[in-house]
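J.: Starting from the structure of chain R, add chains B, X and Y where the hints point.
Chains as they are written, first to last, in the working numbering: chain R, 12 to 310; chain B, 442 to 785; chain X, 413 to 685; chain Y, 517 to 851.
Worth flagging that the hints you see were computed from the coordinates, not collected in a lab.
All residues carry an ideal CB built from backbone N, CA and C; glycine is no exception.
Treat the hints with care, since some could be wrong.
Listed below are several chain Y residues computed to face chain B (Cβ distance under 10 angstroms; list not exhaustive) [as the list claims (entries may be wrong)]:
hint : residue
1    : Asn-641
2    : Asp-748
3    : Tyr-749
4    : Thr-751
5    : Thr-752
6    : Ala-755
7    : Val-767
8    : Asn-771
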Amino acid sequence: MSKLADPIAATAAGPVRREKLARALFRFRQSRLSLLGAAIVALVLFFALLGSVLAPYPDDVRGSVSTAARFLAPSAAHPFGTNEVGQDVLSLTMAGTTVSVLAGFGVVIIGSLLGTLVGAVAGFAGGLVDEALMRFTDLVLTIPSLILAMAIAAALGPGFENMVLAISLSWWPGYARLVRGEVLAAREEVYVTAARAIGASPARVLFRHILPNCLSPIIVKMSLDMGFAILTVAGLGFIGIGVRPPTPEWGTLLSTARSYMPDYWWTAMAPGMAMFLAVFGFNLLGDGLRDVLDPRGRR
Amino acid sequence: MSEALLEIRDLHLTMSSFDGLAHVLNGVDLTVRRGEVWGVVGESGCGKSLTGLSISRLVPTPPARYPQGSIRFEGEDLMRLAPHRMQALRGKRIGMIFQDPTTNLNPTVRIGEQLVDVALAAASHDPSLLDDATPQQFGRRRQARDLAARLLERVGIPDAQARLASYPHEFSGGMRQRVLIAMALIGRPDLLIADEPTTALDVSVQAQILKLIQSMVADHDIGVILITHNLGVVAETCTHVAVMYAGNVVETGPVAAVIERPAHPYTRALMAAIPMRDTPRGQLQGLPGVVPDLIRPPPGCRFAPRCDRATAECRARFPGTGPVAPGHAVACYHPVRQPKIADG
Amino acid sequence: MVEPILEIQGVRKTYPARRSLFGRSAAVDALKGVSLAVTPGESFGLVGESGSGKTTLTRSILRLEAPTAGRILFKGEDMARLGPKALRTLRARIQIVFQDPYASLNPRMTVEEIVSEPMLVHRDILRLDRAGRRDRAAELLALVGLSTQHLARNPHEFSGGQRQRIGIARALAAGPELLLLDEPTSALDVSVQAQVLNLLIDLQDRLGLTYLFISHDLAVVRYLCDRVALIHSGVLVEEGPTREIFDAPQSDYARMLLGAAPKVRVPPATPSG
Amino acid sequence: MLQFILRRILLLIPVIFGLTIIMFVIARLLPGDPVGLAAGANATQAERQALATEFGLDRPIWAQYGTYVAGLARGDLGRSLLTRRPVAQDIATYLPATLELVLAALALAVILGVPLGLLTALWRNRWPDYLSQVVAIGAISMPRFFLGLLLQLVFAMWLMWLPLGGRLPIIVFPPHKVTGFLTIDALLSGNGTIFVTALRHLAMPTIALSLSPLATIMRMMRASAIEVMGQDYVTTARALGLPRRKIVTKVIARNAFSATLTVIGLYFGWLLGGTVLVETVFDWPGLGLYATKAIVSQDMMPVIGVALVSGLIFVVANLLIDTAYGLINPKVRYA
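Just chain R, same shape as in the assembly (with noise of 0.2 angstroms):
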C-alpha cells in the first residue's frame, strides 16, 4: 500500500502538547473497554485507601466475633452472609482489598526497578555484561515464578514483607527480559546513532534517548501485571503462606472458605468475585494504555 500523502505540514499554531494530549485522550476514550477498565482499576484503588473505614462491620475487620451469627446466609444485612466466625464476608473482603493492592503494588513496583536495572545495563552495555546478565535472567525465568516464589517465602518465613520480597525476586526477569528487548531495539535506531555523532555521552544518549522511548511498553507491562500480582498474592495466601489472620486477604479467605464447601458456599463467592474484578480491571486497562502509549502499536 502506498504512504498516502506526507503529514500536512506544521498544523496551526496553538498550544501544542493540549493537541497531543487531546488526541491521546480521544483514543483512549475510544475504546470502551478500557474505560470500563479505568473505573474497576478506581473502584479497587478506592477501597483498597478506605476499605476497612467503609466496611459495615468494621469491628469484624478487627477480628471481633460471634458465634450466634454463624454461617448466615446472604440477606439484606449481609449481602454475602457471615462466615465460621459470624464475621460479615463484605466487611472483610472490602478490608481484603488493601493487603491485596498494597502487595500488587509492591510486587510491581520492586520487580520493575530491578527487572528494569537488569535490563538496561543488559541492553545498553552488551557484550559479556550482557551475556552473563541475560544468562542469570533465563536461569531465575526456568523456575515457574510460583514455585520459586513459594521456595523464597517458605525459606524466609511467613509475613506480609517476605510475601512481597519473595514474588518480586521472582517477578523482576519478565521486565529485564522486555528492556533489554526494547533497549537493543532503540540502540539501532538511527537518531540514537545521531545522537553518539553528535558527541553525546553514553548516559545522555542512555537516559536522553534511549529509557524515553522505552518507557510506554513498561507502563503498560506495569498495569497489566497489577493484576497478575495481586493474583499471585492471593494465591499465596491461598495455600497458606502469607498474611497471618486476622488482618483479612483475599487468598486466605477464599481458603478458609473452601472447607466448609458445598453448604455454606456463598462465603467464598465475594472473595474470589473481587479478585476476579480487580484482576479484570488491571487488564483493561493495561490493553487500553497499550494502544494509547504504545507508539510501535500505533506505527
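T.: Below, chains B, X and Y without anything else, positioned relative to chain R:
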C-alpha cells in the same frame, strides 16, 4: 488500434482516516492496449499505487470507497464484478509485482510450492495452462512444478529445477524480484501491473529487471502498467506515460512526445527538478509549495496553488483533458506548446 | 597543495565470523584498503551500491566503528590517537545528515530540543546559555527555510523534506567544518530533493563547509560534487574530477554503472509507439 | 539440525549448575532460619545443633555447596520431614500426575486457542471479535483456584456429574504403570472403564488450569495473525489469485503459528507454577500438592526439590519447542 485491454473512466476514491475523508483519486482516466507499456509516474501521495491496486480491487473497502467511475477490463466493469469472479481474474488475467522483494514472498514456504500454488489457482479456471508443460498423465501438481521450473529459467534463475526447493531468504534481492515476476506471469495474464518493481534494487540490478520485463512483454503481447516515481525508468522502459498529481492524471501520451514536448506545467516542473547531464551547479529548479491536503483539496485544478500559469479559471473548475498532439493529451487550460526541450 | 581536511589512508575493516547458535557466518571484508583525501570547501562524492562498504566507511570516519587497519586523519590529526575529551571536541567539527528523515529525529523531542542538542553537548566550546541556544536554534531553522513557529513541534508533524531540513539545522548547530551527507535526498521526492540540494549548495557557499556526499544516485552526485570516488565491494575503483569520471570513465565498473543508470531522454531505439 | 540439538543439550549443563546455585542460595543463605526450618518448629536445641553439624551448616559456604551438589549428583534431594521419605523418591512418585495435568491443559489450550485466535483475527472488528476479546480478558483474569472451586461446587457437589477430586476413586486399582499417566496407561492396558474414570477425574482440573493459557494463546495468535495479514506477501498472494482458503491456511496460519510457538514454550513454565493451586483445590497428588503440604509445615527440602525439577522440565520442554520452531520456520535453521 486493437480494442482496449483496460479502460479506467473517471475513477474516484475516498479514504476515511482519523483526520477526515481524503479524496485520494479525483477522476482518473487511463486506457491500456495490448503491447503498450504505460509508465504511471508521480510523486508520493499522488495516488498512483492506489490506482494500480484498485484495478485488482485489492484496496480494502471499509476504509476506502469508490463514489464514482468504472474500470473496464476487456469491456467488463470490474467494479460491478462479484468477488469470486474478481478472484478468478487475479493471477489468471491480471498479474501484479510489488516493490520490496524482501517482504513479498512467504518466508515459511519453498519457492517452488509458492509458484505451484499460483499456477494451480490459474489452472483451475483454465486447465489447458498446464498441458503444454508436461503430458497430462503425470498429474497436475507435477505439471505445475515443471511449468514453474521453466518460468524460473525464463526469468534468468540458474539451475531452476534445484532452486524450487529453496526458501525466499536464500535468494538475493534481485533474484527474489525475478521469482516474483515469474509468479506474476505463470498464469499467463493479459495485463501486468508492476508497482515500483525496481525501486528497492541497486541501479545495476534495476537495469536487468527492466530489460527482463520488456522481453516478457514482447513474448506474450500483454499490456503493462509500470508505476514509478522515476522518470528515467519510464523513459527507458515504457511506450506511453501518464503523469499523475494529487489524484489526477494530468498528462498522457507516447513517451517520446511527453519527454520532448511536456505540455503540463507540473510535468515541466518535474523534469526541471531532475539533475540532467548539463544542469549547472545550483541551477536546479525545485518546485516551491507543498502537495495539497487531500482532506480539504483546493477547488478546480489541484496544481493551481503551485502553478505560475494558474488563472481564475484554473482555481474555479477542474480542466477537462484536451489533446495537444495526436495521442498526447493534457488536463490544463493553458498547456505549454513549445518545440523540443534540449536532449535530456 | 592545500592540506586536506580529511584523509583516509589504507583503511581496512573485517567483521569477524559470528558463531551463532545455528551455524557459523563467514568473516566479511567490508573495506579492503581504501585511501582518499578531501580538500577544505570541496564537495567530494562517494558512490557505491549496497554492500559496497560506503556505510562502514562513514561510521569509521565518525568513530562509531574502529577500522581494523589504516588511519583516518582530520586536519592532519590521527583520530585513533585522540583521548575521549579530544575526540568529543572533534565530533563538534564533523557532523552527519542521515538518509531516512522519519528515523533520524527522536520522536519524543521537540524541534528546539533536537536542533539545540549539539549546542548543549558542546556547551564547553560554544558557551551558550539556554536563551542563547534557543535564539541560535531559531536562526538555524530560518537558515534552512523553516520558521520559529516550528520550534515547539514534534517530528511526526512534518513532511519528509521539512524533517531533512531539521536534520541539516541540527548538523550545523555545533558549527562543523566537515559535513557527512549520507544519501540525504534519496528518500525524498524529486521536487523536494531539488530544494534540499539547492539548500545544501547555498549553505556551502555561505558557510564555507566541506561536504562528503555519500550516494548511489549518479545524477545527484554529478550535480553537486566537484570530485567523485567509486567504491565497489570495499575497493576504491576509480577517483577523479566529476566531469572526467562521467565523460570518460576508465574502469569497467564505472562504465557499467553509468550505462545502467536510467536517463530522462528519448533513447535512440525507442520501442514503437 | 542434529548439531543444533546437541549444542542445546550441552547448554543444559550450565543451566542445571546455575539452578543448583540458586536453590542453594535460597535453601541456605536467605536470612530465614534454615536449620530451624529443616529441624522443624518444635525441635530442641540439641536436635537443631545435631542437624546443623549433619548438614555441615557451620562449615564455609563453598564446602556446604560442595556437599549439597555431591548429594544432588547421587540424586539425594534431602529428606522430607513430613513424609520421612527422601525427596527424590517423593518427586518420582508425584511427577507423572503433574505432567499429565500440565500436558492435558497445554494441549487443550493450544488445540482450542490457536484456531480461535485465527478465527477472531479473520473476523476482527466485528461484534464476535469484540465479544471474544472481553471473554478472553475475563478468562485471563479468572483466578485458577477460584474457578476450580466454582467447578467443584457446580459439577461435583450440586450436579454430581464429575468427581470432586483426586486421580482415581480409591477402590479402583490403577492400571499397570508404563508412563505413569493414568489415561495413557489405561489405554495401553486396554482398560476402557478406567480410562473413562481417569478422564472424568482429569476434566475439571484441566479446565481450571488451561482457561487462562487458552485465552492468552488465543490473543497471541490473534495479534500475530493480524500482523501477518498486514504483510506484503499476503497482498501478493491475493493479487495472484490464490483462493482464500489457501491464503488462510498456508500463508496466514502458518506464519502466525510460528510466531506464537515461541510463547507456548514460555507458557509451559507458567503452567508448572499454576498446578500448585489447582492441585491444592482438587487434591490432585502431584508435585504442587506435595510442595504445598511441605511449605505449610515449614518442610524446606521438598519445596527446593520441586523447584529444581520444575526448572529442569521447563528447560527440556523449551528445547523441544525450539526444535519444532526450527522445523516450521526454515529461516532459523540457516541463520
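J.: Checking hints one by one. Is Y:Asn-641 an interface residue toward chain B, by the C-beta closer than 10 angstroms rule?
T.: holds, 8 angstroms
J.: Holds or violated: is there a CB of chain B closer than 10 angstroms to the CB of Y:Asn-771?
T.: Status holds, d = 6 angstroms.
J.: With 10 angstroms as the cut and Cβ atoms as the points, is Y:Thr-752 at the interface with chain B?
T.: It holds, given that the least Cβ distance between Y:Thr-752 and chain B is near 5 angstroms, below 10 angstroms.
J.: Answer holds if the nearest beta-carbon of chain B is closer than 10 angstroms to that of Y:Tyr-749; otherwise answer violated.
T.: The hint holds - Y:Tyr-749 has a Cβ within 10 angstroms of chain B, the shortest such distance being about 5 angstroms.
J.: Hint validation: Y:Ala-755 versus chain B, beta carbon distance must be below 10 angstroms. Holds or violated?
T.: holds, 4 angstroms
J.: Using 10 angstroms as the Cβ threshold, decide whether Y:Thr-751 counts as touching chain B.
T.: holds, 6 angstroms
J.: So, Y:Val-767 near chain B? Judge it on the closest CB pair being under 10 angstroms.
T.: This hint holds: Y:Val-767 lies near chain B, its Cβ roughly 5 angstroms from the closest one there, short of 10 angstroms.
J.: Tell me if the interface restraint on Y:Asp-748 is satisfied: Cβ within less than 10 angstroms of some Cβ in chain B.
T.: At about 4 angstroms, which falls below the 10 angstroms cut-off, the nearest Cβ of chain B leaves the hint on Y:Asp-748 intact, so it holds.
The structure meets every hint from the earlier list without exception.
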